[in-house]
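Given next are the chains, with one letter for each unit.
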Amino acid sequence: MTSPSLPGGAAATPATGASVPAAGASVPAAAGSVPAAAGSVPAAGASVPAVRLAGIHKAFPVHGGDPTVALQDISLDVAQTEFVSLIGPSGCGKSTLLRVVGDLITPSAGIVEVNGKPASQARLDRDYGMVFQAPVLFDWRTVEANVRLPLEIIKTSGTEQRKRVQEKLDLVGLSDFMRHYPHQLSGGMQQRVAIARALVFEPALLLMDEPFGALDEMTRERLNGEVLKIWARTGTTVLFVTHSIPEAVFLSTRVVVMSPRPGRISDIVDIDLPQPRNEETRESDRYFELVTQVREALRAQHGGGASAARTRAEGAIG
Amino acid sequence: MTGAAGSYQTPARRRPFAGLVDGLRHHLPAIIVFLVVIAAWELIAGSSGRRIIPPPSSIAGAIVRESDLLWKSAMATFTEAIGGLIIGTLVGLAVGFATARWAVARDILLPVAIGASTIPLIAVAPIVNNWFGVLNPLSKMMMAALLVFFPIVINVTRGLVEVQPAQLELMRSYASTPTEVLRKVRVPNMLPFLFTALKVATTLAFIGAIVGEYFGGSSTVIGRIVLTSMSSGSFDLAWAGIIIGAMGAIASYVVVVIAERILIPWNTAVRAGGP
Chain A
847 MTSPSLPGGA
857 AATPATGASV
867 PAAGASVPAA
877 AGSVPAAAGS
887 VPAAGASVPA
897 VRLAGIHKAF
907 PVHGGDPTVA
917 LQDISLDVAQ
927 TEFVSLIGPS
937 GCGKSTLLRV
947 VGDLITPSAG
957 IVEVNGKPAS
967 QARLDRDYGM
977 VFQAPVLFDW
987 RTVEANVRLP
997 LEIIKTSGTE
1007 QRKRVQEKLD
1017 LVGLSDFMRH
1027 YPHQLSGGMQ
1037 QRVAIARALV
1047 FEPALLLMDE
1057 PFGALDEMTR
1067 ERLNGEVLKI
1077 WARTGTTVLF
1087 VTHSIPEAVF
1097 LSTRVVVMSP
1107 RPGRISDIVD
1117 IDLPQPRNEE
1127 TRESDRYFEL
1137 VTQVREALRA
1147 QHGGGASAAR
1157 TRAEGAIG
Chain B
2 MTGAAGSYQT
12 PARRRPFAGL
22 VDGLRHHLPA
32 IIVFLVVIAA
42 WELIAGSSGR
52 RIIPPPSSIA
62 GAIVRESDLL
72 WKSAMATFTE
82 AIGGLIIGTL
92 VGLAVGFATA
102 RWAVARDILL
112 PVAIGASTIP
122 LIAVAPIVNN
132 WFGVLNPLSK
142 MMMAALLVFF
152 PIVINVTRGL
162 VEVQPAQLEL
172 MRSYASTPTE
182 VLRKVRVPNM
192 LPFLFTALKV
202 ATTLAFIGAI
212 VGEYFGGSST
222 VIGRIVLTSM
232 SSGSFDLAWA
242 GIIIGAMGAI
252 ASYVVVVIAE
262 RILIPWNTAV
272 RAGGP
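If you read the sequences in order, they're chains A and B. Counting from 847, one number per residue, gives the positions in the first sequence under my numbering. Counting from 2, one number per residue, gives the positions in the second sequence under my numbering.
Chain A extracted, bound-state conformation (with noise of 0.2 Å):
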């Protein structure tokens, strides 16, 4: 079931060849559900992966020191519509790969490519969406005004910006709150915001980074069963980083578990659960036992005897 990391290529996606393809062959449910991803997805659709690393190394100089190296030849293939979730120890690099996929850090060597094109050009072209552990909505601005603001920087219409606005709060159940301001709501309500406004211009890939981190547990919760919600209705690929394991197998498709210093794949679960999840899979047998799962690999990242990543392993959620 589990593969062991594979640098380079596509042999780093799981060895058997069944569950690379399109998501929908290990997710028999979601297949009829999951509508082709709208918007800037190219016309090659399913061949092309969503996301792909090779051989990515990321260090960062430090004063008077060796360079600290964040990510070490990392390689990994997102195939569309997937649910992927990075998950590991402090450190590890997970939100530095996130932010590689993104273009927002740029690594020091390797390919990163976003649909079939170079990650700064999915940047300037917009491709993708992303939702940081803080909602960063700008507190001048209305919901409305909030989730409106991608759509003024790529200049769509006012009629369209409108119409797109209110689909993406009634998405994500707030149309009633537009005119208030985000000092108004809640965390779980302004992070709801953030997922809107990263949604508004209807990328096919969404990059999502401890989104919840900061949520209590049943707020969070709930929230996973919207982002799944909105997951099959819009087939948006996601790349999800998290601390926390129920969460990740709740989620995903597949879980990529990291291990630092330095930064790297160091194991990758592929989640059978059907779809639709919801309540009931969280107490499920196979729930609990893919969560072992994903356990034991982040424990085993530091061989027997060593303290650290498992009592940090345990301390995450779980």
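Warning: the hint list may mix true and false statements.
Below, simulated EDC-like cross-link-like pairs (lysine to aspartate or glutamate); rule was C-alpha separation at most 16 Å, straight line [claimed, not checked]: (1) A/Lys-1075 / A/Glu-1013; (2) A/Lys-1009 / A/Glu-998; (3) A/Lys-963 / A/Asp-923; (4) B/Lys-185 / B/Glu-163; (5) A/Lys-1075 / A/Asp-1016; (6) B/Lys-185 / A/Glu-990; (7) B/Lys-185 / A/Glu-998; (8) B/Lys-185 / B/Glu-170; (9) A/Lys-1001 / A/Glu-1048; (10) A/Lys-1075 / A/Glu-1125; (11) B/Lys-185 / A/Asp-985; (12) A/Lys-1001 / B/Glu-181.
Worth flagging that the hints you see were computed from the coordinates, not collected in a lab.
Since the structure of chain A is provided, determine the placement of chain B on it from the hints.
Same frame as chain A, but now just chain B:
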């Protein structure tokens, strides 16, 4: 999706005057203390017969007696102060934008601004009066502008430069141009800083105008009235002038507060009450 359990209020589009009425109610104790002080002042000053700090009643009398003169002088002084406020703010904004945009401008202009702010106004006053003409209101406006400039430029620069890095990262993910970042992020971020500076600047503008008047000017300005009536012993008129001057400064402060609530309603609602 059920309504979230999170705390939220109805939209904060409160009318600015609603806030003022609430503020008045909130400040009732202070108002009462103020009135008690006035009453005590009346009793003590009246009975001890001292002339230098006349009782409120004789000050009120002076205001009524010389209402024409005081009105004309108040208008003249207020014009100087407000004119100086406008000039100082415009120049401060221009320099603030320049120093935020170009590091070179920052290196040149900021030290000059800091240096200028340390020169005592009293030393500069005769020079400014000479330069622009002692009877010309512009000389007093320039005094006011000199005092207004520094807090404005510092706050505008801060507001434009000190933006949350996460917001800049967000804009980068949208491949925005620096101009878009300026318009959509930096300028709105700067507005609360600007209003804070304006609140300080209105008071400084009045100080600048009146101190300028002390060093020479037409006779129908507050500063000269205070000066001449002090030296001729009519302290009630002098105090009338001082109080009118103070009221002008307070009134413009209140105007800035109201303008802030109209223009940046999100800001005053965020901060837990208070100016």
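Cross-check of the supplied hints:
At most 16 Å may separate the alpha-carbon atoms for a hinted pair to count; A/Lys-1075 and A/Glu-1013 meet this at roughly 14 Å. Note on A/Lys-1009 and A/Glu-998: the hinted pairing holds, with a Cα-Cα distance of about 13 Å set against a maximum of 16 Å. The suggested pairing of A/Lys-963 with A/Asp-923 holds, with an alpha-carbon distance near 14 Å, which does not exceed 16 Å. About 14 Å separates the Cα atoms of B/Lys-185 and B/Glu-163, which keeps this hinted pair within 16 Å; it holds.
Among the hinted pairs, A/Lys-1075 with A/Asp-1016 is consistent with the structure: their alpha-carbon atoms are about 13 Å apart, no more than 16 Å. A threshold of 16 Å between alpha carbons decides the hint, and for B/Lys-185 with A/Glu-990 the separation of about 15 Å falls inside it, so the pair holds. Proximity of B/Lys-185 to A/Glu-998 is assessed by CA-CA distance (about 10 Å); at most 16 Å being required, the pair is judged to hold. Taking the CA atoms of B/Lys-185 and B/Glu-170, the gap is near 13 Å; set against the 16 Å cutoff, the hint holds.
For the suggested pair A/Lys-1001 and A/Glu-1048, the alpha carbons sit about 14 Å apart, so the restraint of at most 16 Å is met. Between the alpha carbons of A/Lys-1075 and A/Glu-1125 the distance comes to roughly 13 Å, so the proposed pair stays at or under 16 Å and holds. Only pairs whose Cα atoms come within 16 Å are accepted, and B/Lys-185 paired with A/Asp-985 is accepted, the gap being roughly 12 Å. Taking the CA atoms of A/Lys-1001 and B/Glu-181, the gap is near 12 Å; set against the 16 Å cutoff, the hint holds.
Of the numbered hints given earlier, the model fails none.
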